[in-house]
Every structure is written in structure tokens, then in C-alpha cells.
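From just these sequences and the hints, can you work out the full model?
Respectively, the protein sequence lines represent chains C and L.
Numbering that gives the first Met the number 0 puts the first residue of the first sequence at 0, with every later residue one more than the last.
Numbering that gives the first Met the number 0 puts the first residue of the second sequence at 0, with every later residue one more than the last.
The set of hints was computed from the structure by calculation and includes no laboratory data.
The model shown is predicted, which means the values in this text are computed figures rather than measured ones.
The reader is advised that the hints may include incorrect statements.
Claimed, not checked - Quick list of in silico lysine-lysine cross-link-like pairs, DSS-like style, CA-CA up to 30 Å: (1) L:35 x L:63; (2) L:63 x C:291; (3) L:35 x C:291.
Claimed, not checked - Facing chain L, a subset of chain C residues (Cβ under 10 Å, in silico): (4) 9; (5) 26; (6) 37; (7) 102; (8) 167; (9) 169.
Built from N, CA and C at the ideal position, the CB exists for glycine as well.
Residues per chain are reported as follows:
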Amino acid sequence: MLSTTGLRSTRHDVEDEQAAQELCRAQGWTDGLPIVPPTPERVVACLDRAALPPDHVIGIEPVRARPITAEKAAINAVLAGCRPAHFPVVAAALEAMCRPEFLLHGATASTGGCAVLIVVNGPVRRELGMDATFNVLGNGDASAAVIGRAVRLVLRNVLDLQPGGLDRATLGHPGKFGYCLAEDEEGGDWTPLAQLRGAPSGASAVTVLAAGAPRQIMNEWTTAPEEILETFAAEMRANMLHYSIWGGNYAIVVPAQLRERLQDAGWSKPDVQQFLFERARVRACDWTRVGKRALVTAANRDEEHAALPSPADLLVVAAGGPAGGFGAVIPPWFGHKSRAVTAGIGVCFAC
Amino acid sequence: MDVLDPTAEARPQSVSRAPRLAALHHRRIGLLSNGKIAVAPLFDQLEALLREAWTPAEVLRLTKGNYSAPAEPDVIRQLARCHLIVTGVGD
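Printed below as a string of C-alpha cells:
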């Protein structure tokens, strides 16, 4: 067990928990919701669980060269309501976000206002009792809520991404309170997301994506995989025209009802990726239908744009409640500027 | 009870401002666009105003390859030759 004397952060002496709430609110350290006071004992318990010394650098924000130490990450995890068992997941997500291809500064400071989507795979889901079914993109799971919130509070407090400060988001979206879900690996025979992206079978991992808000689709009127996926493709095409035409990492969330239709017909995740790679395309001249005529020129009007630069750029996530022909398309922040990153929890897959 | 500070605390070293230029005659001026489309007309106008008011030795127009990422090393090297740099966002 680490000692609390190894912690280097300034200690604020407050009378009680209520005073701690007031201190954090007054200092702007919260997202507006109540916090758990980050006492030295609670912070050390998180560090112990992840076997990280306080001064361990989880990652360095590449543009401003700002380090995220394990101690600061753990303090914010406690603030967010994390128990020690959540902290290794938070640390893995932060490590993934600091990889150069994630483009952390751009993704978190941009007017585009994306949030960090975190998908959790592997045995850690069961250890945390994570539910990947009902309300999976809402308030369906307490662990997902605090993991997502912890990442947001690290951005706010350690990297100074305060709204209106370095965070220049015009609108943002509700995922900026927290945007985390587990994959329903037991609900069907699809290969888990992290495994498709290179994680060893049976390993716990997180995948992070700089992502816009989920766009819900519905198709309860067919069992044909092509028709079901055409609805997802249409939503991706709509995003390309209404938001950004540039291709990148899209995610789709496929709940049980539609997933069963696809799996019963023998469609694997790579089959889904290939179909949407081919179907989620628009032409620049399609902009004329959505009020963006000014962008269409004689030179570009016939240019075809694909939502996915390659089939593997689609993150297919099995999650959601058992009933309802719904699904979600989660678009990238802005084309391929930021790339999805998968990282092991407590282990480095590349090392 | 003790509550730990969740902010970075360790602040980057403060930097001092470069000396202000009294005049721009015979100076090299760098205009760094982040690549957004609205920067171009802004900088066109700015360059015209600069050339009208002063006689700069050079007005160097440069553009970052990715407006969400730092400027490339070669761009930084070219800007290092300038006496004055203006950068634009263009949203």
C-alpha cells in the first residue's frame, strides 16, 4: 500500500464533506454535479489498484507538453465518483488519448465540440459489473458514468479545458459529461471491438474515439441485413452532408434486436464494415440538397466521398437493450484528423 | 479533512514578450494561416494594408497542414526568420 505522504498535490484543509463540495464548486473543479472529495486515502487507494506510483506519467498532451500524472488522474477519478477498481480503466483511456494519432489538443479544444467516447472490452467489464444493455448510451451503468466523467474532469482540471477557456466548443453535447459504454460481448457471437483492433483475445482494453453525439436510427420493418444496414448507411451519409463530408472513424452501436437479425444471417463485424464502407458515400454535388450549394464547384461536384477511408475504420459495437429495432451512428469529430486508439488496461499490447 | 488539488499546479515557465517593433520598414513579416478558408481574404487584406503603410522586406505567407495540430517544423523554421508574425483562425 502506498503512503499518502508520497502525494505531492496541494492539500486544502476543509471542515467537512459539505465544505469540500463548496471548495470544488467555487474553484471550478467540477462539471456542476456534486463530487466525491478527493482525500489522500481515497487517491492512494486508486493508485494502489492500478499499481501506479503518484509521479508516473500516464501520458503527455503532445501540443502543450502537459503531463498527466497518475496522482492527478486519480484525484480527478475520485472527484468523478470512481472506486479504485475503475481507475485502471481511466488510466488506460488517458494513455490512449495521449497517443499522437488521437490529436488530443485539437479534439478537445475545437469549436466542433466532440467528446471522448470510451468503449470498454474484456474481463474488466465483469469485474466492474458493467451493464451493456438497457440505456447503454444514457444512464444505464454506474461504472460507465464515473469512468467517462473522470476523463472529462482530467481534461478540465489537468489540461485546463474549461468551457470558454481552452475548450472552445460552440455547442458540445451531453457526452461531455461522460461518454463511456461497455460492449455486450456475451450477447452474440461477434468478435469484441478491441480484439478486432489488435488486442489479444481475453484481454481488457479501452478504445477511445473523438466523437460527436449519437444519432439514433430505427428500422423494425425488415430482417434483411442489407436493409438494416442501409439505414445506418443513410444516417452516415446524412452526417456527411449535414456536418462533415470528410471520412474517418465512425462507430455504430447495434443493440440486440438488430444484431440478432444480422448474426442469424451469418453477418460478422467485418461483413458489416465492408457493407457500410461501400454504401456510406456521397458526392460533393449532394451538398446542393442541404443548403451548402456554395461549396459545390464544377471541379468538385462529381467527387465521391466515403465516410470510411477503409472498412476497418468502422467501429462496430454490440450494445443496447434487448428490444427495439434501434441503433446509433456515432460520427467522428472531424474526418480523420483524430484516429481511434485502442489500449490495454494495465498492460501494453505493443510492448 | 484534507482535499487534494485536482489541477495541474505545475505551471509552464512564464515567457516574456518579445520587444515591440516601432516600425515595420524593411522587416520580414510572417502571416501564418491555420488553413481555414476564411483566413485567406483576411490575410489578403492585411497584407495589402501592411504593404500600403510600410515597406516590408518580405511578407511570408505560410499555411499549416492541419489546423488542429502544431505547425510543421519547416513552417516554424521559416517563421523564425521573421521579425513579426501574425496568425489567423478563420472560423
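Let's test the interface hint: is any C-beta of chain L closer than 10 Å to that of residue 26 (chain C)? 8 Å, holds
Return the status of the interface hint for residue 169 (chain C): holds when the least beta-carbon distance to chain L is below 10 Å, violated otherwise. Holds, because the Cβ-Cβ distance from residue 169 (chain C) to chain L comes to roughly 9 Å (cut-off 10 Å).
Holds or violated: residue 102 (chain C) as interface residue toward chain L, Cβ cutoff 10 Å? Holds. Min distance 6 Å.
Hint validity - residue 37 (chain C) Cβ closer than 10 Å to any chain L Cβ: Because about 5 Å separates residue 37 (chain C) from the closest Cβ in chain L, which is inside the 10 Å limit, the hint holds.
Compare the distance between the alpha carbons of residue 63 (chain L) and residue 291 (chain C) with 30 Å, and conclude whether the hinted pair is satisfied. Answer holds: residue 63 (chain L) to residue 291 (chain C) is near 25 Å, not above 30 Å.
Can the restraint linking residue 35 (chain L) and residue 63 (chain L) be considered satisfied, given a maximum Cα separation of 30 Å? Answer holds: residue 35 (chain L) to residue 63 (chain L) is near 9 Å, not above 30 Å.
Identify whether the interface hint at residue 9 (chain C) stands, where standing means a beta carbon of chain L within less than 10 Å of its own. 4 Å, holds
Regarding the hint that residue 167 (chain C) lies at the interface with chain L, is the smallest CB-CB distance below 10 Å? This interface hint holds because 9 Å falls under the 10 Å limit.
Taking 30 Å as the top limit, are the C-alpha atoms of residue 35 (chain L) and residue 291 (chain C) close enough? 17 Å, holds
No hint from the list above goes unmet by this structure.
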